[in-house]
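**Q** In order, the protein sequence lines correspond to chains Y and H. Count along the first sequence from 1, add 105, and you get the number used in the numbering used here. Count along the second sequence from 1, add 1457, and you get the number used in the numbering used here.
Watch out, some of these pointers could steer you wrong.
[Stated by the list, open to error] To give a feel for the contact side, a few chain H residues facing chain Y, derived at Cβ under 8 angstroms:
hint	residue
1	A1524
2	L1567
3	A1597
It should be emphasised that the hints constitute simulated quantities derived from the structure, not laboratory data. Don't be surprised by glycine CBs; every beta carbon is placed ideally from N, CA and C.
Listed below are the residues making up each chain.
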Amino acid sequence: MTTTARPLGDRVAGNQEAGTPSAQTHAAGLIRYVIIGALLGIVLIKSEIVSWYRIQEMFRFQSFHMYGVLGSAMVTAMVSLRVVRWLNVRSLSGEAIVIPPKVVGKGYRYWIGGALFGIGWAFTGACPGPLFALVGSGATVFVAVAVAALAGTWTYGRFRSSLPH
Amino acid sequence: MWDALRGPWPWYVGGPVIGLMVPVLLIAGNKQLGVSSALRAICAATVPGRVEFFRYDWRRAGLWNIALALGVVIGAAFAVSVLGTGTPDVAPSTRDALAAIGVSRMQGLLPAELFSWRGLLTPRGFVLMAGGGFLVGFGATYAGGCTSGHGVMGMATLQRASMIALVGIFAGGLLATFVLLPIVLRLP
Chain Y
106 MTTTARPLGD RVAGNQEAGT PSAQTHAAGL IRYVIIGALL GIVLIKSEIV SWYRIQEMFR
166 FQSFHMYGVL GSAMVTAMVS LRVVRWLNVR SLSGEAIVIP PKVVGKGYRY WIGGALFGIG
226 WAFTGACPGP LFALVGSGAT VFVAVAVAAL AGTWTYGRFR SSLPH
Chain H
1458 MWDALRGPWP WYVGGPVIGL MVPVLLIAGN KQLGVSSALR AICAATVPGR VEFFRYDWRR
1518 AGLWNIALAL GVVIGAAFAV SVLGTGTPDV APSTRDALAA IGVSRMQGLL PAELFSWRGL
1578 LTPRGFVLMA GGGFLVGFGA TYAGGCTSGH GVMGMATLQR ASMIALVGIF AGGLLATFVL
1638 LPIVLRLP
């Protein structure tokens, strides 16, 4: 991190000496994501989204809990994005807020990738957020699950060009 | 207040807090909520090999993903040690269904009989943890997002790609729950 010579994409507000982004500003810029992530980690544990039992309940359509979590998260995000648009809110570094659309293309990657991910989610009870949360929770065997997930990601990267997208 | 924070949080608290991360990340630095990108960034930072997919400027584009994931680990450790966890109040019908496929003890956030270091060395545990973990990483990266990136961020912006991904995720999850899991749990 100390060898970063490149200008930062997002500078810390009020600390914008042009052309001299130090390692310190980079670290200060990153700390906000650690804090946001920490809040996410707390919610994932306390709302029991990390629970294998809860995921089983969801896939068996036997409880509203997970649907309530996902549904209210979607609605909150949607409404707050409308507000951000209306008020013309800018990012901390003063940029206009942009959300690049996801390219649909033939859609194979979403069908196939989604389905494979879904199998893994039902097996482990953990999607990527809960995977990291479970490691932090002290369920140390999830370090092995996370390494397996990294191996999966790496394998995808390796064979990306020969997979249908 | 403290007691309410220590108990399990209902869906109408957890969901909106997660939803608010979408505008917060956009304001913090024009970032789109998504956790699976951290997997790509970690690969790029550790073992990129000669794989083009990992030869991107991860210091500039991916370090924030790693910072977010690190935060999740820290936040979870805080939640467990300071606020505590219990056993989820799982629906009776789910208890019965799980007991029927051999998961009868229900204690803590997940069944310790399935998820343990010792279990990892059994065929059943290996398929569940190593196989399942592999598919989580492979599938989420293939699909270009997971529950957060497609399920929350993508759905909130009404992306067709995310709707397709969500249908795919559920198709895979149902197949695993009703067809594959009963078979895997019969393994030694």
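**Q** All hints, please: hold or fail.
**A** Now the hints, each set against the structure:
no.: 1; hint: A1524; in the structure: 4 angstroms, holds
no.: 2; hint: L1567; in the structure: 4 angstroms, holds
no.: 3; hint: A1597; in the structure: 5 angstroms, holds
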